[in-house]
Amino acid sequence: MLAYIVRRIFLTLPVMILVAVIVFLLLHLSPGDPAAIMAGDNATADQIAAIRAKLGFDEPLWKQFALWCWSLVRGDLGNSLFWGDPVLVLIGQRAEPTISLALTTIAFAVTVAVTLGVVAAANPGTWIDRGVMGFAVLGFSLPVFVVGYMLIFLFAIDLKWLPVQGYTRLSEGVGPWLRNLVLPSLALGMAYVALIARITRTTMLEVLSEDYIRTGKAKGVAARPLLLRHALKNAAVPIVTVIGIGVALLIGGVVITETVFNIPGIGRLVVDAIARRDYPIVQGVIMIFAGIYVLVNLLVDLSYTLFDPRIRY
Amino acid sequence: MAKIARRTLLKSSAAAAALAGAPSLARAQAHSSAARSIRAVFHGDVPTYDPIWTTANMAAYHGGMVYDTLFGIDDKGEAKPQMVNRYGYDAGNMTWTFELRPGLKWHDGTDVTSADIVPSIRRWAARDGGGQHMMERVRGIEAKDEKTFTIQLKERYGLVLDVLSKTSTPVCFMMRKREAETDPMQKIETVVGSGPFTLNLTETRPGTQYVYDRNPNYVPRAEAPSGISGGKVVKVDRVTFVNMPDGQTAVAALQAGEIDFYEIPQPDFMPQLESDRNIRIQVLNQLGQVGLIRPNFLHPPFDNVKARQALLHCVKQSDHMRATFGTSQYAKDSPSYFAMGTPMSNDANTGWYTGGQNFARSRALLAEMGYRGEEVLLMQATNIPYMSNSAQLLAQELRQGGFNVRLVAMDWSNVVQRRSVKAPPAQGGWNLFITSAGGTAVGHPILLAAHAATGDRGWFGWPQDEKHEQLRAQWAVGETLAERQRIAREIQTNAWNFVPQVYYGQWIQPAAMRSNIRNMLPVAEIIPWWNVEKG
Chain Z
17 MLAYIVRRIF
27 LTLPVMILVA
37 VIVFLLLHLS
47 PGDPAAIMAG
57 DNATADQIAA
67 IRAKLGFDEP
77 LWKQFALWCW
87 SLVRGDLGNS
97 LFWGDPVLVL
107 IGQRAEPTIS
117 LALTTIAFAV
127 TVAVTLGVVA
137 AANPGTWIDR
147 GVMGFAVLGF
157 SLPVFVVGYM
167 LIFLFAIDLK
177 WLPVQGYTRL
187 SEGVGPWLRN
197 LVLPSLALGM
207 AYVALIARIT
217 RTTMLEVLSE
227 DYIRTGKAKG
237 VAARPLLLRH
247 ALKNAAVPIV
257 TVIGIGVALL
267 IGGVVITETV
277 FNIPGIGRLV
287 VDAIARRDYP
297 IVQGVIMIFA
307 GIYVLVNLLV
317 DLSYTLFDPR
327 IRY
Chain G
149 MAKIARRTLL
159 KSSAAAAALA
169 GAPSLARAQA
179 HSSAARSIRA
189 VFHGDVPTYD
199 PIWTTANMAA
209 YHGGMVYDTL
219 FGIDDKGEAK
229 PQMVNRYGYD
239 AGNMTWTFEL
249 RPGLKWHDGT
259 DVTSADIVPS
269 IRRWAARDGG
279 GQHMMERVRG
289 IEAKDEKTFT
299 IQLKERYGLV
309 LDVLSKTSTP
319 VCFMMRKREA
329 ETDPMQKIET
339 VVGSGPFTLN
349 LTETRPGTQY
359 VYDRNPNYVP
369 RAEAPSGISG
379 GKVVKVDRVT
389 FVNMPDGQTA
399 VAALQAGEID
409 FYEIPQPDFM
419 PQLESDRNIR
429 IQVLNQLGQV
439 GLIRPNFLHP
449 PFDNVKARQA
459 LLHCVKQSDH
469 MRATFGTSQY
479 AKDSPSYFAM
489 GTPMSNDANT
499 GWYTGGQNFA
509 RSRALLAEMG
519 YRGEEVLLMQ
529 ATNIPYMSNS
539 AQLLAQELRQ
549 GGFNVRLVAM
559 DWSNVVQRRS
569 VKAPPAQGGW
579 NLFITSAGGT
589 AVGHPILLAA
599 HAATGDRGWF
609 GWPQDEKHEQ
619 LRAQWAVGET
629 LAERQRIARE
639 IQTNAWNFVP
649 QVYYGQWIQP
659 AAMRSNIRNM
669 LPVAEIIPWW
679 NVEKG
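Order-wise, the sequence lines are chains Z and G.
Under the working numbering, the final residue of the first sequence carries the number 329; numbering is consecutive throughout.
Under the working numbering, the final residue of the second sequence carries the number 683; numbering is consecutive throughout.
Simulated from the structure, these hints should not be mistaken for lab results.
Source: prediction; values computed, not measured.
Among these hints, one or two may not hold up.
[Stated by the list, open to error] Listed below are the simulated BS3-like cross-link pairs for lysine-lysine, each with C-alpha atoms no more than 25 Å apart in a straight line:
#, chain 1, residue 1, chain 2, residue 2
1, G, K682, Z, K176
2, G, K570, Z, K70
3, Z, K70, G, K325
4, G, K682, G, K383
[Stated by the list, open to error] Per the computed footprint, the stretches of chain G lying under chain Z, defined by three or more beta-carbons under 8 Å from a beta-carbon of chain Z, are:
#, stretch
5, 191 to 200
6, 297 to 310
7, 326 to 336
8, 344 to 351
9, 354 to 366
Ideal Cβ positions, reconstructed from N, Cα and C, are used throughout, including at glycine.
Given only the sequences and the hints, what does the whole structure look like? Please build it.
Right, here's the structure in full:
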């Protein structure tokens, strides 16, 4: 097992190098010039050229890439072109809201989706099943921002139960922290709920048609233990896989959700940085997101051993 | 049963009452603090703490909080002393002497001296078009003593106070000597000003919120506030600039009372905000913005004056304004080369406007110049709605006027990069782009970089016209308002002949605020947070 983990970690290195090359080239070869943006609307071409030289953007691309890679190896993601602050510090300042949003969304989505999926599978063809699947279609079809605005209008403007926007740090209390996360988690979690609920239902239906389930029923095992202890555990591997894949979906959704709910997280940081062509921030955030995604997939692979003893690494 | 002594009971009751009262007391204190604190959302994020290094308005908003200016314009547009106590000039107007007012302190507690002012002016002038215009005529700037400095001119120049007091960016903010001596091409990192607010770095989160606390050591002038001149008396403890990129969220937050001020609600939200009795609408910048269509003088067809005149005949400003602002009362046409509502605006040579949109005239002009359908590359900034709308409309107008147009969609960052490319459109250059500029600057022949017609040395589009430059130089030494207005008419007559740019309208964007926000000062380009009261 340990050897497998070490091997997998080493295998992530080429992936991360590839990500680094693609990110760097995409950013630097795509149109847009941070020096021109910094210089502002009244700047002349000479002023823009002077700023470009100050930032080192007049150096050959290979040299810029080499310098960036060398910094990466030393754990330095560089400094923001606009703020001058280290990218790691900026990401650190924005990490808590994003992690909070991601965790509450996953917790909400997995709880609701697995429950809905199991309930739908246990009642195939009934109005409950059709209702759950209808909800899943709706969850996929409605964009995050539409759900977000609808939730804001209903719960913040109309009913005044929850705040429109913002984020309260966990250190200021669990209550205020959660109050700010309820609506964004609901909005972001909708698509995730739909995805996991559908997979849970399908997998559960397959498992429920297995011989051992029929045997269990024949032996008089009660419906609930049969569903949760015998069927769900055996259906878990595809569900966990989808949850892992869904992390990528979540990362994309975080960017929009943070904008709609004005959450000062990493998503907002990277969107602002893209608009300004603040290369070090964009590169740094994408590298970190890529690393997280690789890590989550490793954890998902490792979790298979918990659900299926036949799987060994 | 144990007996409770009366004294014990009283003590316990008092303690219980105190305990019960404590939260409400804390709430009351928190409320009081919130009552003297303003949360404001603007059109964008503060891109840097250095308001000299960039022309971004948000940097100037930040600058207006922490830095002070030598002069400020009042509500009539006249320059009034701000950090300066007294000033004067010699008989020939060639040496200007300025004395700083007493009591000026930097936020670090040290005195503001002439040694800080001189490099501050120099650094600002290196980045500002108006400053450069002045410095071309300046022999030297010297600190005479701790509180006195002079500006010696090479030639007579009537715009010294205009450029020192202007609110168009970059504003001439004063900084400490150590920051002011920073290379103008490099931004400063330390924020120490002498303005009415200090930046609270502990609670500020770049990209998220910028917290400005009242500067308790600031000594305001005795005069009543007017424009950005007069006494900068701060009546709240704190102003927080909240970066909220989504307009719909900002409107919802304003309605829910989570923020106090929103600078630019989109036109579609105005009816919703106007009908909310907790919200007040106020126009802070009466001159607003002027939409600019910039032709590239370096390449066909706009290297030919007839093509530029054809462009002028194609554009119907009211249609452009309707495309973005609907039937809003806040948008209008600007037939004047100098923004409508400014002292220099006039009606000279506006036959192209009064005659109405004229595609036949456009096609005739193109035929006269021998236009053979060369492609016109129009850059469309799709992430800025008013620019994107106007670009689409302009493409249609130009096609009707006989041009062969290719609309190229990109984001604003890409436009900003590509507009500096002088190569032909097929090699990464361009023919037309759309932008906007503040009405104050457009109304001033010198302060707007786009008004220069100095060819290669000028602003994007690189128009060149000797007569235009001679007239601008004459205007700069004009002695009286009447004389300047006369020259402005000549500039405009000439401009609408050689067409350095075409306008697509002028609009103001009213701000929305909670109805308990009072006494905001209407100023163009900067939003002053002094004099403002909450409650």
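Cross-check of the supplied hints:
Of the pairs offered as hints, the one joining K682(G) and K176(Z) holds, with about 23 Å between alpha carbons and a cut-off of 25 Å not exceeded. Taking the CA atoms of K570(G) and K70(Z), the gap is about 22 Å. The hint holds against a cut of 25 Å. A C-alpha spacing of about 22 Å is found between K70(Z) and K325(G), which places the hinted pair at or below 25 Å, so the restraint holds. A threshold of 25 Å between alpha carbons decides the hint, and for K682(G) with K383(G) the separation of about 8 Å falls inside it, so the pair holds.
Look at the stretch 191 to 200 of chain G against chain Z: 3 of its residues bring a Cβ nearer than 8 Å to a Cβ of that chain, three or more, so the hint holds. Chain Z is given as covering the stretch 297 to 310 of chain G, and this is violated because 0 residues of the stretch bring a CB closer than 8 Å to a CB of that chain, at least three being needed. Chain Z is given as covering the stretch 326 to 336 of chain G, and this holds because 4 residues of the stretch bring a CB closer than 8 Å to a CB of that chain, at least three being needed. By the rule of at least three residues with a Cβ nearer than 8 Å to a Cβ of chain Z, the coverage given for the stretch 344 to 351 of chain G is violated, with 0 such residues.
With a cut-off of 8 Å between beta carbons, the stretch 354 to 366 of chain G has 4 residues touching chain Z; three or more are needed, and the interface restraint holds.
The structure is inconsistent with the numbered hints 6, 8, although it conforms to all the rest.
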